[in-house]
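Chains A and B, in that order, give the protein sequences.
Take any residue in the first sequence, count from 1 to its spot, add 6: that is its number in this note's numbering.
Take any residue in the second sequence, count from 1 to its spot, add 6: that is its number in this note's numbering.
Rather than coming from a laboratory, the hints here were simulated on the basis of the structure.
Among the hints, erroneous ones may be present.
Identical copies look the same in the list; a pair holds intra-copy or inter-copy alike.
To be verified - Capping the alpha-carbon separation at 30 Å, the derived lysine-lysine pairs in BS3-like fashion look like this: (1) K172 x K112; (2) K34 x K106; (3) K126 x K49; (4) K154 x K126; (5) K35 x K49; (6) K34 x K172; (7) K52 x K126; (8) K35 x K162; (9) K172 x K35; (10) K162 x K34; (11) K35 x K126; (12) K112 x K35; (13) K172 x K49; (14) K162 x K106; (15) K112 x K34.
There are 2 protein chains.
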Amino acid sequence: MKKQNLLYLGFIIVMLLAASCSNTETQKKQPAENKTSTAVFAKGEKITNEYFTGSAWLQMLVENDSLYNCPIGNVTFEPGARNNWHVHPGGQILLVTSGKGYHQLKGQPVELIESGDIVKVPPGAMHWHGATPDSELTHLAISTNPQKGIVVWMEKLSDEEYNRIKL
Amino acid sequence: MKKQNLLYLGFIIVMLLAASCSNTETQKKQPAENKTSTAVFAKGEKITNEYFTGSAWLQMLVENDSLYNCPIGNVTFEPGARNNWHVHPGGQILLVTSGKGYHQLKGQPVELIESGDIVKVPPGAMHWHGATPDSELTHLAISTNPQKGIVVWMEKLSDEEYNRIKL
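Just chain A, same shape as in the assembly (with noise of 0.2 Å):
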């Protein structure tokens, strides 16, 4: 290949890779078959990991990456499923979009939250959360400083820890 033909590839990648780099990127939403009826965005797949009690669904909806360090996914909790204890190292803010659930920091009591609340999570600071006995809830759940570590699970909260909650 010629030199100059060599320049002029190079050229066109460069161009290639710029335009990719400053390309808006809309994600269009999920396809009602895969929406609960009201919600806005995609309930996901049912978690198959150990680390929560009950069924509980997630849609990735940003994922993690360099560029925006922003990874955030919807989660639902069937009324009674919560995960377990566990820390995310860079902290979390959850959005709760519908239902009412639980949510404990190490240390504190329970609290009750609902559609509208907005909880933060400080790094490192140990918790769970998830839904109430008698509603689903559903969070956005954003990963502050993903730089720093995403999440670390632990132990689980036991069913009689759960049943004793009174709020």
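Mind docking chain B on chain A? Use the hints.
Structure of chain B alone, referenced to chain A:
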């Protein structure tokens, strides 16, 4: 003051600081009169700066700080309202929660956005967004990497340019 008392005082201060750092902060939702009828989050105050055309409202859900690095605003545009061209040095993510609107990245076609859509705006990309002529638009706006700068405002999109949009 005795050295022992001083040490004790120091211990108390350290414990108080540790407790305040690990405290979760839950913001309860705003009262109903501050909300649009079906909205999950408060509509907030009318924006009075010069960078918007038409009426728009802003409720900050999470203020910027160096702990979370994740300012989040709830923005509502009345039909026909939009913001000026602007740049987010650290990028922005829009989560459209109701209505229909437009989003345009400089040099690219206008795109229609609606409830459930997610728009990722790369750091440094020039863009504008707002409602369609016939619909309100509400979105959550997350400033990503706010350490790099939140927003730099630029010129208005003229009525002529806005009215030319056919989508």
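Hints versus structure:
no. : hint        : verdict
1   : K172 x K112 : within (17 Å within a copy, 54 Å between copies)
2   : K34 x K106  : both (28 Å within a copy, 12 Å between copies)
3   : K126 x K49  : both (22 Å within a copy, 20 Å between copies)
4   : K154 x K126 : both (16 Å within a copy, 22 Å between copies)
5   : K35 x K49   : both (11 Å within a copy, 23 Å between copies)
6   : K34 x K172  : between (41 Å within a copy, 19 Å between copies)
7   : K52 x K126  : both (25 Å within a copy, 26 Å between copies)
8   : K35 x K162  : between (34 Å within a copy, 29 Å between copies)
9   : K172 x K35  : between (37 Å within a copy, 21 Å between copies)
10  : K162 x K34  : between (36 Å within a copy, 27 Å between copies)
11  : K35 x K126  : both (26 Å within a copy, 14 Å between copies)
12  : K112 x K35  : between (36 Å within a copy, 23 Å between copies)
13  : K172 x K49  : within (28 Å within a copy, 32 Å between copies)
14  : K162 x K106 : within (20 Å within a copy, 42 Å between copies)
15  : K112 x K34  : between (38 Å within a copy, 20 Å between copies)
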